[in-house]
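**Q** Single-letter residue listing:
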Amino acid sequence: MLALIPLLPLIGFLINGAWYAFGQAPAGRKQANAAITGTLASLAIGASFVVSLILFLQLRGMSPEAGDHRFIEQTLFNWMQIGAFQLPMTLRVDALSALFTLFITGVGTLIHIYAIGYMSHDETPGKFFAFLNLFCFAMLMLVLGASLPILFLGWEGVGLCSYLLIGYWYTDDEKASAGKKAFIVNRIGDFGFLLGMFLIYATFGTLELAQLTAAVHGGLPAGVAESTVTAICLLLFLGCVGKSAQFPLYVWLPDAMAGPTPVSALIHAATMVTSGIYLVARLNVLFSLSPQAMLVVATVGAFTALLAATIAIAQRDIKKVLAYSTVSQLGYMFLGCGVGAFSAGVFHVVTHAFFKALLFLGAGSVIHGMHEEQDIMKMGGLRKQMPRTFAVFAVAWLAICGIPPFSGFFSKDEILWQAYSSTHGHALLWGFGALTAVMTAFYMTRLFSLTFLGTPRFQEHGAHGHGDGHGHGTGAGAGVHESPAVMILPLAVLALLSAVGGFIGVPHASWLDEWLDPVIHSQHELAAGVSGSTEWLLMGVSVAGAAIGIFFALRLYADLARAEALRKRFAGLHQALVNKWYVDELYDHLFVRPIHALSQGLWKGFDVAVIDRIVLGIGYVTQWTGQTVRVVQTGSTQVYAFMFVVGLIATVGYLIYGLA
Amino acid sequence: MAWLDSHLLTATVFLPLAWALAGLLVPARAEGGSGAIKSWTLVGSLVTFALSLLVYGRFEATGAAEFQLQEVAEWIPNLGISYNVGIDGISLWLILLTTFLTPIVILSSYQAIDRREKEYYALLLALETGMLGAFVAIDIFLFYVFWEVMLLPMYLLIGIWGGRERIYAAMKFFLYTVVGSLLMLVAIFYLAYQHKVQFGSYSTALLDLYKLSIPGGELLAPQSILFLAFALAFAIKVPLFPLHTWLPDAHVQAPTAGSVILASVLLKMGGYGFIRFAFPLFPQAVALFQVAFMTIAAIAIVYGAWVAMVQPDIKKLVAYSSVSHMGFVILGLFSLNALGVTGSIYQMLNHGISTGGLFLLVGMIYERRHTRAIADFGGISRTMPLFALAFMIITLSSVALPGTNGFVGEFLILLGSWSASPALTAVSALGVIFGAVYMLWMFQRVMFGPIKHKENENLVDLSFRELAVLAPLVVAVFFMGIFPNFFFGEMETSVQRFLSRSNLTVAQAAVVAPEAPAAIILQDPGKGN
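Residue numbers (the numbering used here), protein chains in the order written: chain A, 2 to 661; chain B, 9 to 537.
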């Protein structure tokens, strides 16, 4: 039963993939209809959602008090076994993975359905839906794997799928590069993950997650130094930094916008980027043993949250703004984990999955309706043409800004409060988070205002389709239009979830905390000098901050001339923000070019110039010697071979008769 | 059949050669084509593969004998040299790799080779006999003979059917390998002589030589010098940095089949030589040079990847990637524990599949475009979707994505080498990053982007024959990635025996607790060595 959860999307992938490869890809064959392949793929992931739901209910039925351990396990086969080293292919679902499974398959299904409409004009929908299923399969293996190598299988699997899907329109070199960048930057993180695994095996003698957690449950085991645990956590965290797009490895995520919008939604909301949080939450007992590692996690999270928010302010591409907001929100989640509020981090993963999927799919609806226009400066006033998209987008906007009672408010507030009050927390961490909250409200309102409010800044009948064979209805007369029902329906469901999803984690009465308790034991220990009433004060501060951010952005972008004047006054800063603080350029000069130059140097300067010269030198010496016995230098291979054999026989003959 | 039953290995080894000789009677060019010799050769290689499956069926994973299916016949009794063949769980898989790849390679040559076909196919089969012989020989002199026999057909394949600079490449290949093997020959005679000194008679039988006690432990002790003599020959074959520079030239100039055999099987001779001869014969030298060789391996991994990255020619890129991948093999072997060694053996099989596959793929586009320069391609995913699919899968295997065979090998090697040296493991793991860089960058420039050259607009996708060439490899990539345990069963006993001979710690522990020698290192990953 459990194995069905990942297997169903895998089967969907195999069917659609084989059909595409042999039935549609060869020259001259007809492409499948997006409705058919899309329905097939949606059924696969939808069925997986149903199975996840059944297992979730089964888990709920188990009572921890009665001695039931809330988990279900299934071993498929033995992956590797060498002596005492055992690595069975075991899947395991418990409170944490059940939660992830639910929203991966749930939100995933909605994205699949939406994509049927969005990709209806695509050239190769069969390939697209095959990859989409594969993506979900990999993500499900990641959260269901009972040991680190299986988790790593999914971990690299989502990396591969992001590579394939970001570079989906591969004929565009820039998009293909974005896919490659995602894979390689992820690989840098995976390098850390691998070393972390090795160190875990060397230290604890197991790679099994449950055994590992059990080994460290009662504090540091005898004979294990805290520094070792810190090293393990930091190595694994490097993996998280890559996969969950944190500073300094976040650079792949904004470029990942090159993929079709449903892919962006899948990567940014339900899958892939949440895996880093999953790993840290999964190993929360281990991370808690190392205050240094926790501090690193929290600091990286807080810094990334703020950095990405600053960049988001100046972006004009609707998907780029959302991309940086994802980086920023992921920073929040790590901030939560780093101050020991693991369940708050997970809580934000869940609410973020709802509202970020909604934001991306809503943006997709806008892009689709605007015939592939992504520049928000060329939008405006869309509330009239796209009223339904406008309505659902508004929900997501309020949710991400943290306005009560929308979902984002609860999770974000929980993180901020813990960042201030927990024993791992610090007022400075809270400050970073709160400032980010204000800026988030600002740039999201900017996006919302420029897209939906005000007056249209495009010509009603002049919107052109462009993009790689994806545009449709090109030419005069094609107006901006609302998206079809197959796209709006998933949006409506997500809007509902974004609106009320926060109630699973109401402060002091959190269903989520209680549910996660077997995996993540929440302590809610207050640091010295923090009183309970501060909680309400800080909550008020953060809501007020969000309101201020919204207010200023609404005011500013209601009158574009004023926004323009402001931009001119801070032209230098604005330029730095538009260029993302020049981080990509910095990496290019710091790493890419030097390594490339070094490699060239090694090849031409060492391989060819030194080693080969020595070898050829030996060859010349031989040749020179050969000049003196020129008679045998015939240049004929056959003669050489003959002489070699004769020589061999002579030697052997001498040895036999000479020595015997 | 009774003869076959007791001479199964001999039959498997010499069938290709006999088939090639018989093939000389087949008319080279029947009316309108040369189908006869092609089919004849393909059938011969398939029969050989079938025989090797019989060998697999007869092999017992938990057999008590060190070498199974053994056959011994007197050859040069005065010197103790005999025709002595047998297999264990390590050579078994290398034999299967060879017989599995040979039919694929023959099928891939159907269109590429259009002159002197008879000689070409005969040489391929002769080469197979040489390779199989080297894997089954358990007399060290017999091994040496096969080792040299192999060299000749390969040299001719490059020299006759190679590219423009084939003579230069063939000479370089010959020079390197002959220099390497001459020292080994001297070392072999020294060993045979030592047997006379210690036991009263000459012998080159491996099991006899294992019993020799040769002083070692210091840099200039006989063990160290002998080890280095063997190591030089094997390191050149692997090829281990900095002895690798023959490989790029040989690969680029060789015809596709030559490159595939070279990468897939001949390079494995180096790794196999370390396992079968250099390690168990000279354990003290292994201990002495462990760190040095692991360091070189780590350098090879990163160096190979870096230099591969900047290659303008696809074949050269793949050649340098071999330097990187085979560095992992050496790293795993010298980590001297079950995980690392098993990983190394598996990596040898993986490399045979993935690099062989890459050379086949390169050959296929070369046949269409007569160029291997990366810059001459771009965007051909669009015109050749099936080719793109196969290329992508083999690429993923090469970058060791979990689920493919490549991951299992690299993971086990690094896991094993960590207990020997965390620092060198960390350096080697950088190969994981750079491996992705050079492969995906190449893939992008060849397959993605717009079509920049007119010639690429009408490329024909894979033919049925080409699909038949690639399909077995693609299946192998996933099967070996998902069910590695299928292969580990046969290896386990042999790996433990290897460790108890080659790792002094294990060998000494075996004296105290003879029942479970290798388990000690397994249960104690942190303090292995």
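Hint data in this document are derived by calculation from the structure and do not stem from the laboratory. Built from N, CA and C at the ideal position, the CB exists for glycine as well. Take the hints with a grain of salt, since some may be wrong.
SDA-like, lysine to any residue: derived pairs with alpha carbons at most 20 Å apart [claimed, not checked]:
1. A:31 <-> B:394
2. B:460 <-> B:401
3. A:605 <-> B:376
Quick partial rundown of chain B residues pointing at chain A, CB under 7 Å, derived from the structure [as the list claims (entries may be wrong)]:
4. 90
5. 429
6. 445
**Q** Now look at each hint and say whether the structure bears it out.
**A** Comparing the hints with the structure gives:
Taken as a hint, the residue 31 (chain A) and residue 394 (chain B) pair is honoured in the structure, with Cα atoms around 15 Å apart against an allowance of 20 Å. Pair hint residue 460 (chain B) plus residue 401 (chain B) does not hold up; C-alpha atoms about 24 Å apart against a cutoff of 20 Å. Between the alpha carbons of residue 605 (chain A) and residue 376 (chain B) the distance comes to roughly 30 Å, so the proposed pair goes past 20 Å and is violated. Nearest Cβ of chain A to the Cβ of residue 90 (chain B): about 14 Å, over the 7 Å cut. The hint is violated.
Hint on residue 429 (chain B) is violated. Least Cβ distance to chain A is approximately 11 Å, over the 7 Å limit. For residue 445 (chain B), the suggested interface contact is upheld, since its CB lies about 6 Å from the closest CB of chain A, less than 7 Å.
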